[in-house]
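Student: Given the sequences, and given the hints that come with them, work out the whole structure.
Chains as they are written, first to last, in the working numbering: chain U, 1 to 56; chain E, 1001 to 1374.
Quick caveat, the hints were computed from the structure, so don't treat them as lab data. Possibly wrong hints are sitting among the right ones.
Said to hold, decoys possible - With a straight-line Cα cutoff of 25 angstroms, these simulated DSS-like cross-link-like pairs (lysine-lysine) come out:
#1 K20(U) / K40(U)
#2 K12(U) / K1328(E)
#3 K33(U) / K12(U)
#4 K40(U) / K4(U)
#5 K1297(E) / K1343(E)
#6 K1303(E) / K12(U)
#7 K20(U) / K33(U)
#8 K1343(E) / K1373(E)
#9 K1141(E) / K4(U)
#10 K1328(E) / K1343(E)
#11 K33(U) / K1303(E)
#12 K40(U) / K1297(E)
#13 K40(U) / K1061(E)
#14 K12(U) / K1346(E)
#15 K1180(E) / K40(U)
#16 K33(U) / K4(U)
#17 K1180(E) / K20(U)
#18 K1032(E) / K1061(E)
#19 K40(U) / K12(U)
#20 K1297(E) / K20(U)
#21 K1141(E) / K1269(E)
#22 K33(U) / K1141(E)
#23 K1346(E) / K1373(E)
#24 K1297(E) / K1180(E)
Unchecked claim - The calculated label-pair distances, taken between Cβ atoms and stated as ranges, are:
#25 D29(U) / L1185(E): 52 to 58 angstroms
#26 L1139(E) / Y7(U): 30 to 36 angstroms
#27 E44(U) / N1302(E): 49 to 55 angstroms
#28 E44(U) / L1307(E): 49 to 55 angstroms
Even for Gly, the Cβ is constructed at its ideal location relative to N, Cα and C.
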Amino acid sequence: MDEKFNYTEALKRLEIIAQKVEDPATGIDETDKYLAESGKLISECREYLRSVKDTL
Amino acid sequence: MDSEHEYLTLRGLLSGVRETLEESFPEKLWIKAELSSVQARANGHCYLELCEQQDGSIVAKARAVIWRNRYPALAAYFYEVTGSNLAAGMQLLLRVQAGYSEIYGLTLTVDEIEPEFTLGAAERQRRETLARLEREGLLEKQRRLALPPLPRVLAVISAPDAAGYGDFCRHLDENPYGFKFAVTLFAAVMQGESAPESIVDALERIESSTVHYDAVLIMRGGGSSLDLACFDDYGLAFTIANYTLPVFTAIGHDRDTHVADLVAFHAVKTPTALAALFIDAFAAEDERLEQYATRLKLAFTNKISALLSRLDVLESRIAAADPRNILKRGYVLPLDGNGRTLKSVKALREGDSLTLMFADGTLRCRIEAVEPKN
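Tutor: So, in structure tokens, the structure goes:
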């Protein structure tokens, strides 16, 4: 995980991605990129919840 | 050498004190006093220091003794009613016989103690403390603080060998989700007269630490009402109420709520419940992430379904426009010698040749007659 990982910012980005993917105007190629990004973000968020290294 | 002054011997003076005392207080009597120290000796006698305080200053002090023929019964009854042994700081109602010895001075011999009075005094003190904190606007002060959404760096105030602290750590470490917390113990005395000062000292150590803690947790694994009376102390409650970090309490009592609980940011009954509280906060966050994953997956699936539906419609339109599908229904398609579709009989004459296309093949034909409509 990036040392400067910001959980709150990651959640904001996930919300934007969810809205983009839900928007019918977003093309399938773009959606594919968003999904890849969201998968990475969700993994990082889950790892953050199970790690203390960023907090001390 | 004889003096010109009249005098008494020391013994004479003290004998007079004894006689006056015996005349003034010939019977046993009940007195109210604070226990400032207690020592049960190996010889079976129990020695007490009694005092009375006013505005924080000692205004009276005396020694007392419970002889070994009374002490076991009195101690057992006191414990049965209050759940605690005699301890410094308790308010007592005692039946005493005042006695005076020219050698040992004043001694109060105790033969009865009223344990219900001690319980009542603790409750009265608790109510007075609560009323004072309310007047000072301190009861709600902690609850106006903001707790970080994911509190994970935790300062714990507990006795290091307390079972409750062990339960807390185990529950936190063994959470089924694998969440990790950073817990630092600040050891303190959690029972008796010195507990409030010791806990306040731990709170000060946390505040001056270089680590920024998300929350402070004060815990112990239960005890009798009087064991926990230290959590009704005004000084401790005042410090908690004015503390800059959210303070959680888990003092481990089933029936009563202590003043420390009431001024804290949040109070639960047991250290295990406290661990569950923090684990649940993380579990809720984990679930929120899961909802994002589901939401994105659903949006993607919907998008693919919409694209497939569009393809289906296009396929149907194209299929519907294919003339071969019309031929299958029994129609024929007339073509001229160049394979172009014939749309009018006017382009043909007797003897011309044409091709009739069927779904399963073609017929080459020659025209015998042309009969246009009118």
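Student: If a hint holds in the structure, say so; if it does not, say that too.
Tutor: Against the structure, the hints:
Pair hint K20(U) plus K40(U) holds up; C-alpha atoms about 16 angstroms apart against a cutoff of 25 angstroms. About 58 angstroms separates the Cα atoms of K12(U) and K1328(E), which puts this hinted pair outside 25 angstroms; it is violated. For a cut-off of 25 angstroms, the pair hint linking K33(U) to K12(U) stands: about 17 angstroms separates their Cα positions. Taking the CA atoms of K40(U) and K4(U), the gap is about 15 angstroms. The hint holds against a cut of 25 angstroms.
For a cut-off of 25 angstroms, the pair hint linking K1297(E) to K1343(E) is broken: about 53 angstroms separates their Cα positions. Our distance criterion of 25 angstroms between C-alpha atoms is met by K1303(E) and K12(U), whose separation comes to about 23 angstroms. For the hint linking K20(U) to K33(U), the alpha-carbon distance of about 11 angstroms falls within 25 angstroms, and the restraint holds. Note on K1343(E) and K1373(E): the hinted pairing holds, with a Cα-Cα distance of about 14 angstroms set against a maximum of 25 angstroms.
Proposed proximity of K1141(E) and K4(U) is contradicted: the alpha carbons are some 34 angstroms apart, above 25 angstroms. For the proposed pair K1328(E) and K1343(E), the alpha carbon gap of about 19 angstroms is at most 25 angstroms, so the pair holds. The hinted pair formed by K33(U) and K1303(E) meets the criterion: a straight-line CA distance of about 14 angstroms does not exceed 25 angstroms. Only pairs whose Cα atoms come within 25 angstroms are accepted, and K40(U) paired with K1297(E) is accepted, the gap being roughly 14 angstroms.
Between K40(U) and K1061(E), the direct Cα distance comes to roughly 72 angstroms. Violation of the 25 angstroms bound is thereby established for this hinted pair. Among the hinted pairs, K12(U) with K1346(E) is inconsistent with the structure: their alpha-carbon atoms are about 73 angstroms apart, more than 25 angstroms. A hinted pair counts as satisfied when its Cα atoms are at most 25 angstroms apart, and K1180(E) with K40(U) qualifies at roughly 21 angstroms. Of the pairs offered as hints, the one joining K33(U) and K4(U) holds, with about 23 angstroms between alpha carbons and a cut-off of 25 angstroms not exceeded.
Of the supplied pair hints, the one linking K1180(E) and K20(U) is violated, its CA atoms being roughly 33 angstroms apart against a limit of 25 angstroms. For the hint pairing K1032(E) with K1061(E), the CA-to-CA distance comes to about 12 angstroms; that is within 25 angstroms, so the pair holds. A threshold of 25 angstroms between alpha carbons decides the hint, and for K40(U) with K12(U) the separation of about 14 angstroms falls inside it, so the pair holds. Distance restraint check for K1297(E) and K20(U): the Cα-Cα separation of roughly 13 angstroms lies within the 25 angstroms cut-off, and the hinted pair is therefore satisfied.
Between K1141(E) and K1269(E), the direct Cα distance comes to roughly 21 angstroms. Compliance with the 25 angstroms bound is thereby established for this hinted pair. Between K33(U) and K1141(E) the alpha-carbon distance is near 48 angstroms, which puts this suggested pair outside the 25 angstroms criterion. Distance restraint check for K1346(E) and K1373(E): the Cα-Cα separation of roughly 10 angstroms lies within the 25 angstroms cut-off, and the hinted pair is therefore satisfied. Under the criterion of a C-alpha separation no larger than 25 angstroms, the hint pairing K1297(E) with K1180(E) is inconsistent with the structure, at around 28 angstroms.
In this structure the supplied range 52 to 58 angstroms holds for D29(U) paired with L1185(E), their Cβ-Cβ distance being about 54 angstroms. The supplied range of 30 to 36 angstroms is met by L1139(E) and Y7(U), whose beta-carbon atoms lie about 33 angstroms from each other. Separation of E44(U) from N1302(E) is about 26 angstroms and departs from the stated range, judged on CB atoms against 49 to 55 angstroms. Under the hint 49 to 55 angstroms, the C-beta atoms of E44(U) and L1307(E), about 30 angstroms apart, miss the expected range.
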